[in-house]
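Asker: Sequence:
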Amino acid sequence: MDVTADAARRFLVARHMLAPARSVDGGPDAVLEIVRRLGSIQYDPLSVAGRSHDLVLHARVAGYDPAWCDLLYEHRELFEAYNKGLSLVSTSEFPWFRANLNPNSPRVLTEHADVAEQVLERIRAEGALSALDFERRRGPLVDWFGAPTNVVRAVLEAYAVTGVLGLARRDGNRRYYDLIGRLLPREILARNVPLREQLRHKLLSRYRAHGLLGAGGGAGSFAGLGPAKPDPESELPGRTALREELVDDGELVPVRVEGVRGKRFVLRDEVELLQAPPEPPPSVAFLPPFDPLVWDRHLLGSLFGFDYVWELFVPPAKRRWGWYVLPILFGERLVGRIEPRIDRTEGRVDVLDLWWEAGFDARRTEGFVDAMRSSLRAYLCFARASHLEWAPHLRMERRLFATRP
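Its first residue numbered 1, the sequence shown is counted upward by one per residue in my numbering.
I should point out that these hints are in silico values taken from the structure, not numbers from a laboratory. A virtual CB, placed ideally from N, CA and C, is assigned to each residue, including glycine. Worth double-checking, as some hints may not be accurate.
[What the hints assert, rightly or not] Computed beta-carbon distance windows for the label pairs:
no., residue 1, residue 2, range
1, 307, 370, 25 to 31 Å
2, 384, 111, 42 to 48 Å
3, 312, 247, 34 to 40 Å
4, 1, 346, 25 to 31 Å
Using the sequences plus the hints, can you model the full thing?
Answerer: Dropping the structure here:
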């Protein structure tokens, strides 16, 4: 199947529920539906512009309120699992996320067995606890996914990754864990899915999330799924074999996109949309670094002509933009970047900078000014802020996009 670049861009925007932005109604039910459609939504605690999963949902759901995710946690309709990174997943998919392929988790539990046993005993006796509830037993720092972490936190997260514990609730970024048997329905816990089927399901979930991934994807798109080729020392079949199964079974359809190297794959149920994608209305969305639409940075370059690097870990002197910059989607084009900061104490949003793509004229592009104003108003409501504070060098943009919630 061959498609034009224009069709591929319009397809991606439409299937990501961004044509137009913030058009999905329904409150918490809409959040759950989006999680189910995308397979998972990656979580990140950084909240300078809003937490990543909140920004993903804000871009798609009308009037999105972060409290809706908390409500879904309380009702046990969402849980956290590692799917590319720590992600929100529908509880109905828990049986396919039980397998743990990271050897770091059991190693932490083995090397710190005394702490692990006491942590589990206290949770059995007292119910949901956080790392701070074990202040006296925090112990030395250990390596946990490449970062130094106190041993109790590493033990709690290792138990969560291996399916012994689950997230009971959050208080800001403080996480409370309880026994998984207390958190999920008995019928969900009773279902045991073979490892191969779990891996196949999780591989398919990455294509569900993005919509047009290739075999590589970049930026860790297939992290946590084991090697591409079979591992003779384990029972892992390899991603390539699983992908070929999905193609042979018709769940994935190979696609060649104009101007894009290599094959891409589309979900069987989305082929019709790819063949005749609608032209998106003029709307603007701000996309966070972990939005599934921007996972594949190579595709952003070849299909959208957009060079995107998340510069959080780039030394300040070497940054081209900023350390938490959101791409600006207008229709099916990525036209610029915005660097907002939410000042919750003062009840405002600071716009530190704006960058436009070469050749894009914000003032003269039909429909853009109104769409940008609408997006900024929605963002103010999301941030629970009363006004925007523009950096001094953005005087023209301040006049052009002046708005209040």
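Asker: Give a verdict on every hint.
Answerer: So, going through the hints one by one against the coordinates:
Taken as a hint, the range 25 to 31 Å holds for the pair residue 307 and residue 370, whose Cβ atoms sit roughly 27 Å apart. Residue 384 and residue 111 have their C-beta atoms about 44 Å apart, which keeps the hinted 42 to 48 Å range intact. For residue 312 and residue 247, the Cβ-Cβ distance of about 36 Å falls inside the hinted range of 34 to 40 Å, so the restraint holds. A beta carbon spacing of about 52 Å between residue 1 and residue 346 contradicts the range 25 to 31 Å that was offered as a hint.
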